[in-house]
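A.B. asks: Chain by chain, the residues run as shown.
There are 4 protein chains.
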Amino acid sequence: MSGSTFGRQFRVTTWGESHGKALGAVIDGCPAGIPLTEEDIQKYLNRRRPGQSKVTTARNESDQCEILSGVFEGKTTGTPISVMVRNSDQHSKDYNDISRAFRPGHADYTFFEKYGFRDYRGGGRSSGRETIGRVIGGAVAAKILSELGIVVSAYTKSIGEVEAEKYSIEECAENMFFMPDNEAAKAAEKYVHEAISAKDSVGGVIECIIDGMPVGVGEPVFDKLDALLAKAMLSIGAVKGFEIGEGFHAAKLRGSENNDMFRISDDRSVIKTTNHSGGVLGGMSDGSQIVFRAAVKPTPSISQIQQTVLEDGNEVDITIHGRHDPIIVPRAVVVVESMAMITVADLLLQNVTSQMGHIKKIYDK
Amino acid sequence: MSGSTFGRQFRVTTWGESHGKALGAVIDGCPAGIPLTEEDIQKYLNRRRPGQSKVTTARNESDQCEILSGVFEGKTTGTPISVMVRNSDQHSKDYNDISRAFRPGHADYTFFEKYGFRDYRGGGRSSGRETIGRVIGGAVAAKILSELGIVVSAYTKSIGEVEAEKYSIEECAENMFFMPDNEAAKAAEKYVHEAISAKDSVGGVIECIIDGMPVGVGEPVFDKLDALLAKAMLSIGAVKGFEIGEGFHAAKLRGSENNDMFRISDDRSVIKTTNHSGGVLGGMSDGSQIVFRAAVKPTPSISQIQQTVLEDGNEVDITIHGRHDPIIVPRAVVVVESMAMITVADLLLQNVTSQMGHIKKIYDK
Amino acid sequence: MSGSTFGRQFRVTTWGESHGKALGAVIDGCPAGIPLTEEDIQKYLNRRRPGQSKVTTARNESDQCEILSGVFEGKTTGTPISVMVRNSDQHSKDYNDISRAFRPGHADYTFFEKYGFRDYRGGGRSSGRETIGRVIGGAVAAKILSELGIVVSAYTKSIGEVEAEKYSIEECAENMFFMPDNEAAKAAEKYVHEAISAKDSVGGVIECIIDGMPVGVGEPVFDKLDALLAKAMLSIGAVKGFEIGEGFHAAKLRGSENNDMFRISDDRSVIKTTNHSGGVLGGMSDGSQIVFRAAVKPTPSISQIQQTVLEDGNEVDITIHGRHDPIIVPRAVVVVESMAMITVADLLLQNVTSQMGHIKKIYDK
Amino acid sequence: MSGSTFGRQFRVTTWGESHGKALGAVIDGCPAGIPLTEEDIQKYLNRRRPGQSKVTTARNESDQCEILSGVFEGKTTGTPISVMVRNSDQHSKDYNDISRAFRPGHADYTFFEKYGFRDYRGGGRSSGRETIGRVIGGAVAAKILSELGIVVSAYTKSIGEVEAEKYSIEECAENMFFMPDNEAAKAAEKYVHEAISAKDSVGGVIECIIDGMPVGVGEPVFDKLDALLAKAMLSIGAVKGFEIGEGFHAAKLRGSENNDMFRISDDRSVIKTTNHSGGVLGGMSDGSQIVFRAAVKPTPSISQIQQTVLEDGNEVDITIHGRHDPIIVPRAVVVVESMAMITVADLLLQNVTSQMGHIKKIYDK
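Protein chains in written order, with this note's numbering: chain D, 6 to 370; chain S, 6 to 370; chain G, 6 to 370; chain Z, 6 to 370.
It should be emphasised that the hints constitute simulated quantities derived from the structure, not laboratory data. Worth double-checking, as some hints may not be accurate.
As the list makes no split between identical chains, a pair holds if one copy fits it or if it spans any two.
[What the hints assert, rightly or not] Calculated cross-link-like contacts (lysine-lysine; reagent style BS3-like; alpha-carbon spacing at most 25 Å):
no. : residue 1 : residue 2
1   : K365      : K26
2   : K370      : K257
3   : K26       : K48
4   : K204      : K48
5   : K48       : K277
6   : K277      : K171
7   : K171      : K257
8   : K148      : K26
9   : K80       : K26
10  : K370      : K148
11  : K148      : K366
12  : K257      : K191
13  : K48       : K148
14  : K195      : K370
15  : K370      : K277
16  : K257      : K195
17  : K48       : K80
18  : K204      : K277
Kindly produce the complete structure, drawing on both the sequences and the hints.
C.D. replies: Structural data, given as structure tokens:
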């Protein structure tokens, strides 16, 4: 069936494979009148581009985007925004020797079984390059959020056993891991290099915060803000867990510890004195900062010998060559941020019609 | 907007509030020809019914279901199945004194802000009674899964700090917590009663396993099996986290530890020698057991004094009376199971058209 | 699959069969704060109720509706509105002798082939009683439209060869055909009674006008206002054609005859000097009155002898007894009106997010 | 909101404007394993290409398509198929002098009001070039239908007052109007040239037949086959009416004339002795040929002087230059056919899960 569209009102449809001609996204339902340029999108694509540091793949892609429709005189027109990135550095040959093997930890086997055959070049649609479409969608969503004063920021919370101890947005930009703690980043670098030496890979946790959300965004009972953020995160290839606010830790707390009290602030607005909920109550934003985390597994492509089977049903031992990230966490940060922005933009649009009074405000002359 | 429908092909729409006349669900897209009776559904509803033990609310509801449409001569007809449960034991008065207060940890404030006013009786739509519709949907999904030999089982993995040390499906039925470990259940009982004495509440973790899944179920890239399970879980009121397979622990493993090797079994099928992935690769079932967990926060309704504000913006201290579970985990087990069954049933139907060969098999004469 | 939901933002899900326990609808996505009572809905249901005149079925149903959820203190809460009508006067026996025959012009054969078996009592889900859910949805939509000053009115344009020559809204209420022309209605009565004498049935055309629409409602390119009205109309059992504005006649006009000129009105707004377009340009409302027509086929249940086949593949001659309308046009008028109201309400909500400026108007403090 | 996607399971999302960089479509949900080449698509695009005869626009576009994703080793992979056509012959200057005027019969005014501003170049998204994406989607759908032995054929039924008197599929290819009657085509040519001389334009009716449909395709009650065909047709820019089988004529027939009798054929299958229904009963295919018609209005762009208003609210008289078809019917034939194929392909996929027995056939080993 068709699973390449995310969102109901702000809809992002992605397409493209690792070694196809191009990848891209069509964004439908974006309101008209928002300034949008290729630079706005390129800025985000550059953050996921490979080849930026020693811990990312050597594949060299400029990933230049081209806006093909939906923008006129620098502004969105309300019609579908189609954005494309051409593939250029495709080393299909790298995959030939293992092209008929199911790589452990990858989607080769499941793709083959589901569809009856598969594009074995670089994982095809299950490649990390598929996230280009997500980042395009996220960059467009960012423009909507910007108009409403909402800021979404993701960063690396931990690499393997190494966790950031502080939160400094400046330091995020200063180390190759996008960690808000340069000291932790240094320890992480050592940790990753040990894994590289052992022909191995590592995982980590990405945290994301959303500031400036109005209260009440999210659609009970199934399209709750946290439910859709969870879907958005788990839809990213390597993500294996999601939690919001206290998350799994909440299961060990008592109600009196986990509840956030309400008070009235000096400017007469309702505030919470703590934020154990992570900014969501009943599936709707509660006016506090939204805080969630996604767990990223270690890259499955490792150059150690691994046991597996071939499409024809024979067993084989393989070693994966090619250009792979020993850790995808740093490059996944912008993907987490993008999916969060798409989710929030969609729900912000959906929420507009929650009250009859809102609708009258638009139509009344 | 409209967020009360789950699923694309097997669609469950729930309706009803805590203190309204009734609650129910409409299931659309259920294949024709499946035997279905009210008993099939009642069996599941009874598992979430209140008043079953000392650790659940004293609200006394028989929660008898009535099938109103979609079944003829004992079988589903392919048309919408409408099922209703009447509310009977509604103590609206219990809520009057705090009716204008925003209860900490509840959705009162967010509902009020989103919709401009709210049904203050027992949480209205955000009440735990909303899950009746989910359990109805799950019971119908169970009939589809049963035809395909798929079994979904949820149970309590931990209560607060007390974790089950073994997995015995028999013992699940022998203790009030649905824990697969009677020893742990005893410890949990002590743990919960301490909280009750302190006018407090506790949370826990529910684990769910799915056996018998064919390979390749789940729709890349956004409607992945794990992505939709995550959405399904986080859409349940008190759930704050989701993980599959190694989950958050995967972030600390190396690739060589987390990858599952493929081998050929004695009956010539592809198997994995381990199951760190939790039964999902690339968002599709990989033929192994699916294993995921949901973190449940402690019940927000506690009878300690709490600080909060009123709808009119004044601060107040409240004590919540009424009939509340000091822990909702045991009653949420069947809700987790139901949402998992709905998710899996929907994706099983979606997957049928993945190959042209499948479609020809149906239409060829 | 699941085809019982209409609309994307204002979503109406209908359920129920002719001879089941009940029929109803769940309306999800209705904005909060709209006054709604059972009387509001009953008023519309009464217009489609059988037994109102000599030209409708003798089946005696009071069709009393019950609101089960979604309304609190007389206003919509933003949560799903569930409304039910119990069946009472079910003469299942009437169908026994032809229960295994495929009635000509009915959906018996196609239902049987699609689902493998069928509810043969009164057409099951394909009965005219299915429209109860549509009228419920329409009555709720009417409340939204009323808040925005939009009025939808359907009436009988023609019965067989007899066409209304004038448009008087008062006369609509004065004759049993809801024709805006009492003279024509008299001729129609004669026409219908001739058919009844011949054990036959007749069809007709229903016209619908929508006044007060704001400009720009409708979502290019597939969810255009006229495209969704067409879908809405053809989804009604007996409707075989749809046209808007000049409709089929436009195919015979020249561009200079069919184009509507724009001018500026005295109050400085843009107006069209004619309305050949029927109020829609490019799939969006153009500010003029929306005018469309639906062609209704003659009732297929006639008491003449007809040739057909049985489920077991044998040929048979049947005579249909039971209680059938010799013409369903008069009772279909409110169904056409209801589907139009649902369509327009949905698109009005969808349109709110067309401009970033609208969204800011809601969220800006 | 987002209205650029058609279909639920076989989903076609189109994008692009008349004078943007490119136009295209993303097809999601296409089953894997279907042979597909650019030639398969180009063949259909060539049928809608401008410049093919004296009665079409002189705009010279080669409309070469490029498949960007979703096909590997000549077969569909089950992942999204992205296809693009670059614009080349863009005479934006042609529009400058009337760029601020609302052209009569066009969507200029409604686009401007809905979105707050508009792409005035050649109609932007409301241009006939938007149909390129539809034809791409139709060409892919054609491959699915071909695997199932289903054939969809559209042709011109009438041009203005000139109607085809016979049906010869060969003659369709022999005249510039795609009329199945060369004599009528000659009369139509004369008719059109008279209009051209008068600086005017003409409309017509397109008929479409579908052969080989299995019984039971279409999803009651809202996603009926005829309801979705009606939506598909009315979503095409210039279409103002839709009818199936007897259509509007049915409103004048008696039940005994309009009903189709069932009989058993020599090969023991159920057949209808007539086909007044147009191949649809209860919204599902009934095994007969599906026959429907779409009414196309005369091209609104005419070179006569027309009255209109400017964006700034001033009245003006305009003459439309540029390159316009005096009749769009011949080029719309392939668009009608494409939309029909998309609709039917989508419903064929949806129908697969109607019976539990079908699903077991796929999953049972």
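A.B. asks: It remains to establish, for every hint, whether it holds in the given structure.
C.D. replies: Now the hints, each set against the structure:
In this assembly of identical chains, K365 and K26 lie within 25 Å of each other by CA distance neither inside one copy nor across copies; the values are 47 Å within and 30 Å between. Neither within a single protomer nor between protomers do K370 and K257 lie at most 25 Å apart by alpha-carbon distance, with minima of 54 Å and 39 Å respectively. Both within a single protomer and between protomers do K26 and K48 lie at most 25 Å apart by alpha-carbon distance, with minima of 22 Å and 22 Å respectively. In this homomeric assembly, K204 and K48 never come within 25 Å of each other (Cα to Cα): the closest approach is 32 Å inside a single copy and 51 Å across copies.
Neither within a single protomer nor between protomers do K48 and K277 lie at most 25 Å apart by alpha-carbon distance, with minima of 35 Å and 41 Å respectively. With identical chains, the CA atoms of K277 and K171 are at most 25 Å apart within one copy only, with a shortest distance of 23 Å there and 40 Å across copies. For a Cα distance limit of 25 Å, the shortest separation of K171 from K257 qualifies both inside one copy, at 24 Å, and across copies, at 19 Å. When the C-alpha separation of K148 and K26 is checked against a cutoff of 25 Å, the pair qualifies only between copies, where the shortest distance is 22 Å, while the shortest distance within a copy is 28 Å.
For a Cα distance limit of 25 Å, the shortest separation of K80 from K26 across copies, 15 Å, qualifies, whereas the shortest one inside one copy, 28 Å, does not. Taking CA atoms no more than 25 Å apart as the test, K370 paired with K148 passes between copies only; the shortest distance there is 19 Å, against 28 Å inside one copy. Taking the shortest alpha-carbon separations for K148 and K366, both the intra-copy value of 23 Å and the inter-copy value of 17 Å come in at or below 25 Å. Taking the closest pair of Cα atoms, K257 and K191 come within 25 Å of each other only across two copies (17 Å); inside a single copy the shortest separation is 32 Å, beyond that limit.
In this assembly of identical chains, K48 and K148 lie within 25 Å of each other by CA distance solely inside one copy; the values are 12 Å within and 40 Å between copies. Taking the closest pair of Cα atoms, K195 and K370 never come within 25 Å of each other, the shortest separation being 64 Å inside a single copy and 49 Å across copies. Proximity of K370 and K277 under a CA criterion of 25 Å is satisfied inter-copy only: 20 Å between copies versus 38 Å inside one chain copy. Taking identical chains as interchangeable, the C-alpha atoms of K257 and K195 lie at most 25 Å apart only when they sit on different chains, with a minimum of 15 Å there against 33 Å within one chain.
Taking identical chains as interchangeable, the C-alpha atoms of K48 and K80 lie at most 25 Å apart only when both belong to the same chain, with a minimum of 18 Å there against 35 Å between chains. In this assembly of identical chains, K204 and K277 lie within 25 Å of each other by CA distance solely across copies; the values are 22 Å between and 48 Å within a copy.
Taken one by one, the earlier hints fail for this structure at numbers 1, 2, 4, 5 and 14, listed in ascending order.
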